[in-house]
Amino acid sequence: MNKPLNKMAVQATINGESTAFLCSPGQVLAEVLRDELDLIGTKIGCNTGDCGACSVLLEGRLVCSCLVLAAEVEGKSVQTVEGVADGGELHPVQQKLLEHGGLQCGICTPGVVIAAKALLEHNPDPTEEQARYWLAGNLCRCTGYDKIIRAVLDAAKTMREEAA
Amino acid sequence: MNAYQEFKIIGSRPVRPDGLDKVTGRARYGADLNMQGQLYGHVVRSPHAHAVIQSIDCSKALAIEGVLAVMTGDDLVKPGNEMLGSGEGAMALKDVVPMVMSQGKVLFHSQAVAAVAATTPALAAEAAKAIEVTYQVLPAVTDIHAALADGAPILHNDRFPDGYPEEPTNLATHISLTVGDPDAAFEKAEVVIEQTYSVPMCHQGYIEPHACVARVDAAGRVDLWCCTQGHFTVRQFTAAVAGIDLGKIKVTASEIGGGFGGKTTVYLEPLAVVLSKKAGRPVKMVMDRGDVFRATGPAPGAQTRVKLGATREGKLLAAEVDCLMDSGAYNGNPAGIPAFMATACYKLTDARSTGRSVYTNKPKIHAYRAPSIPQVTLGVELAMTELAAELGMDPIEFRLKNAVEEGDANMMGAPYHRIGLRECLEVARNHAHYKSAVAEGAGRGVAMGYWINAGMQSSATINVSSDGHVAVLTGSPDIGGSRASMALMAAEVLGIPFDHVHPQVVATDSVGHTDVTGGSRTTLATGQAVIQAAESCVAEMCRRAAAQWGVEPGVVAWSQGAAHYGEHTLTFEELAERAGGMGGPLTFSSSLTATSTSPGFAVHICDAEVDKETGRTTITRYTTIQDAGKAIHPDYVEGQMQGGAVQGIGWALNEEYLYNADGVLENPGFLDYRIPVASDLPYIDTVIVEIPNPLHPFGVKGVGEVPIVPPMPAIAEAVYQSTGVRFRDLPLNPPKIVAGLAGG
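As they're listed, the protein sequences go chains A and B.
Residue 1342 in the numbering used here sits at position 119 of the first sequence; the count goes up by one each step and never skips.
Residue 412 in the numbering used here sits at position 413 of the second sequence; the count goes up by one each step and never skips.
Check each hint, because a few of them may be wrong.
[Unchecked claim] DEER-style ranges, computed between Cβ atoms:
| no. | chain 1 | residue 1 | chain 2 | residue 2 | range |
| --- | --- | --- | --- | --- | --- |
| 1 | B | Ser-465 | A | Gly-1239 | 38 to 44 Å |
| 2 | B | Thr-119 | A | Lys-1299 | 23 to 29 Å |
| 3 | B | Phe-497 | A | Gly-1239 | 33 to 39 Å |
By construction, these hints were calculated from the structure, which means they are not laboratory data.
Beta carbons are placed, not taken as given, at the ideal position from N, Cα and C, and that holds for glycine.
Next comes chain A alone, as it looks inside the complex (with noise of 0.2 Å):
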């Protein structure tokens, strides 16, 4: 006899999307959207919340979706870093990462994007220490995170410069 799976079905709007998934009920949101819906842009680098590659958007809010429960996000909104293009066109933020050569290995760069995206929606004109650390839960270990802090700020005056 087959033993039961006890999988639970989750609805979710994901990166603009509706979506429904199974999942089992200890499954964390960072392993569904990677096996169940093919959304690799979100990486695991830790699963404890210390490295934030795997940084989401929930509700809006950022958080480490390997620290969020798949059957949390029920009825809930989520953006993974697949959603922050505008189809052809990039945010300013990965226009800029691109261009100050803001990455190296690039795998924590998702992450970045979606806490970089977050800190402009919250604050449109940071200061160095002001994104320093709102992104000091974003582990880079090849940048050293100078080119980093550069494009977010340049992104920054870009995206006012837009709203002006």
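Please arrange chain B on chain A, whose structure you already have, making use of the hints.
Below, chain B alone, put in the same frame as chain A:
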């Protein structure tokens, strides 16, 4: 003299070709590929740091529905004295196999002892718990000094270092080198200092854990996908460890989420292959973060004694360096580099350097950015600064007086050709940072660093499409923007736009053998293969144009992306479009063992302020100056300089492996093993010095590793200048600073 004196596109900063996939989340890393019908592997790890395995019973695990395969170390080859790889990646098979899985004896906590494959990750984890292993636990030793003390637990009773009697010891290697007569030179010295310095074991700290997926088909052919700095190395090591014909293995390198030397070997790959072979289905394995810290190769901790002698005028006369390094449980060969390269920055005709390494019950150490050099350089550079202070000399003036230049010989006896150390020192001396006043309460330190820069084997293939675009195929995993550099170099030679060049890292069956992305060699060596392949393309296009015009090929010139002779012109696009009628498809390959290497040098200036109450050190200003030879894509040269400096800052201030008395790592996660975060740091200013490497067509030297070498001594000096208390044992974390300031 370099073949190319002027550049059109080299040195510009185009957006990297792989960037779009990385900012949008499409790039696939080690854990991002799934194969149809795959199983999930899980590793059983030792709860003891030193033990004899008495039995392993997998029967209960195999009985679980959905568990399709189990394995132990008996399923891997029994190593003899075979050597694997070359250059920086060279290792004995007997030191590689046990880092994949133990065979009979466990020598460090969390060493793999068995593995299982099942239909879900959760089931595999459950099955791993059902594997019963019994151990005879032995006392463990994790400290290098305790390991050499009388009565220490012996890790290997069958290994004896060269030149020692065949008695059990934990001494792994002992290498000593002398040039001239250092003892006589010390006699002549007017000022002599001698101090001892230490650096802790630390980890490369790449954010992407090791991951792979393997499929072995019924004919025994292996398709392996993994994150690695060298998929040809993975193929060779996996073949040797799993006992499979190398030619039957195809390895595809995924995008790689950091490595810094740590991904130049195999851990999970042979296990996934063996499990897949047994189960008849693909097997995916992803390492847990804790196991990355506990069971992959960290960088060795080391203690270095440095004795220096100089004249009153500041001429260095003699040096003696004795570096004792942790090898971990097997031989990671960390001691040769200190012996050969400890004093590489200094003119010294009389010097002795010794490197020893010691077995301890910790994972075997592995390469980390300029392997072994940062550890010994903390001692050598800080001692030089202490000596300069004793002489009343400015630390940069002292170094300028004693720095190596063209024609000087290093400890290996080879004379340097055109190097850029003096130029870096002069830039440092004249830099606004160095000329600025040090802030009240802060301190400033300066240090320099050396890395040999590797050459090794590389290959490249260029395929020209009928529309004049080209694919540039290499076997060098792109860890920090190297595809952008390859595209720039191809575009430069061919004279076509950067965005007509499409660089790719291809699998082991699609390009010639290529050694690891490591040793700061990729832009130099793989770049040279790309340049040569592109030059072959240009030569062939000139031949075809000459044939078309009925002239000798020698009279046809190539410029601006076209062949020219008198009034005649055929562009790259035209020759590409007409290839079929002019001699066939245009495809060019080049392979080489690079002999164009030239060492890298850097000078760092660090301002730091220590909070005397909390002991916290804040880096307030940091400048890196480095000779790149030629910066192909300056953004990614600066990126290496900044990233390496920050890794050095982390090692200087905070990073440290902490073991308890039972040999269990107490901080195996990013919360407790704290690497620098954005709010810890200032901007890292960079100055790229370009003294072209005369042996390389584009003047490239390699830049990746030197940046981690100067930070520790520069920061330690800045802390001394800020506090007035001399710290010689790293890391300079708040508890140590507070205790030091209190006189303890």
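Here is how each hint holds up against the structure:
1. Ser-465(B) / Gly-1239(A): 38 to 44 Å: holds (40 Å)
2. Thr-119(B) / Lys-1299(A): 23 to 29 Å: holds (26 Å)
3. Phe-497(B) / Gly-1239(A): 33 to 39 Å: Roughly 34 Å apart at Cβ, these two residues keep to the hinted range, so it holds.
The structure meets every hint from the earlier list without exception.
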